[in-house]
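With chain S's structure known, arrange chain E on it following the hints.
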Amino acid sequence: GIQVEQSPPDLILQEGANSTLRCNFSDSVNNLQWFHQNPWGQLINLFYIPSGTKQNGRLSATTVATERYSLLYISSSQTTDSGVYFCAVEETSGSRLTFGEGTQLTVNP
Amino acid sequence: GEEVAQTPKHLVRGEGQKAKLYCAPIKGHSYVFWYQQVLKNEFKFLISFQNENVFDETGMPKERFSAKCLPNSPCSLEIQATKLEDSAVYFCASSPFDEQYFGPGTRLTVT
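In the order they appear, the protein sequences are chains S and E. Here the first sequence is numbered in the numbering used here, starting from 1 and rising by one per residue. Here the second sequence is numbered in the numbering used here, starting from 110 and rising by one per residue.
It is possible that some hints are incorrect.
Claimed, not checked - Just a sample of chain S residues kept apart from chain E, beta carbon distances all over 10 Å, derived:
1. 3
2. 31
3. 57
4. 96
Said to hold, decoys possible - With beta-carbon atoms standing in for the labels, derived distance ranges:
5. E:119 - S:14: 34 to 40 Å
6. S:3 - E:172: 24 to 30 Å
7. E:125 - S:18: 50 to 56 Å
8. E:111 - S:57: 48 to 54 Å
9. E:218 - S:75: 26 to 32 Å
10. E:171 - S:55: 39 to 45 Å
11. E:171 - S:92: 20 to 26 Å
12. S:57 - E:114: 23 to 29 Å
13. S:57 - E:147: 28 to 34 Å
14. E:172 - S:20: 24 to 30 Å
15. E:182 - S:18: 45 to 51 Å
16. E:163 - S:108: 43 to 49 Å
By construction, these hints were calculated from the structure, which means they are not laboratory data. Computed from a prediction, not measured in an experiment: that's the story for all the values here. The beta-carbon is built from N, C-alpha and C at its ideal position, and this holds for glycine as well.
Next comes chain S alone, as it looks inside the complex (with noise of 0.2 Å):
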């Protein structure tokens, strides 16, 4: 099956620093999702991006199909960042996601 990889596996940043995530992926995909794992447990939605460019205030996201990977860009981070950030692909349209193992993210006042 396809395998997806994610670094750094662990970020401590102070408030105000920006940060880039990385996730490499195996094979085509037809989809690719970032999420952000709260302290709390939930996953919260934050880019649907198989391909392209994308920003949503201080996050943005691009996605490089052709090269097979994504970059998620934290600017001026806050502490309530801090949490898991996943990558997720999808084969084929419909398809179950397969997970990265996730970059844990601890933004510091």
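Frame of chain S; chain E shown alone:
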């Protein structure tokens, strides 16, 4: 509704007891998925439905796990004879055909 709803939030069962979890997908979404988050960062796919039909069940431990999505009823995931290793958070997700939206999860603790 506009959000995926899951009940109960928490469930505690003794080993060998039955557990039943429920999921109400977003109205109009034709796909429903069940995932198990066992370790903190590990998601395992269990089963998916397209409307009330099983779409993909390759992740299901069939000897103890079963699931249904019947018309006009919440979807359900049932575990017969729970084992300690079934302790996990079970997430339901729904999708119109592309982006998946997740519910808040049910935390199952098997003692």
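Structure-based check of each hint:
no., hint, verdict
1, 3, "holds, 14 Å"
2, 31, "violated, 6 Å"
3, 57, "holds, 18 Å"
4, 96, "violated, 4 Å"
5, E:119 - S:14: 34 to 40 Å, "holds, 35 Å"
6, S:3 - E:172: 24 to 30 Å, "holds, 28 Å"
7, E:125 - S:18: 50 to 56 Å, "holds, 51 Å"
8, E:111 - S:57: 48 to 54 Å, "violated, 21 Å"
9, E:218 - S:75: 26 to 32 Å, "violated, 39 Å"
10, E:171 - S:55: 39 to 45 Å, "holds, 44 Å"
11, E:171 - S:92: 20 to 26 Å, "holds, 23 Å"
12, S:57 - E:114: 23 to 29 Å, "holds, 27 Å"
13, S:57 - E:147: 28 to 34 Å, "holds, 32 Å"
14, E:172 - S:20: 24 to 30 Å, "violated, 44 Å"
15, E:182 - S:18: 45 to 51 Å, "holds, 47 Å"
16, E:163 - S:108: 43 to 49 Å, "holds, 46 Å"
Of the numbered hints stated above, those contradicted by the structure are hints 2, 4, 8, 9 and 14, listed in ascending order.
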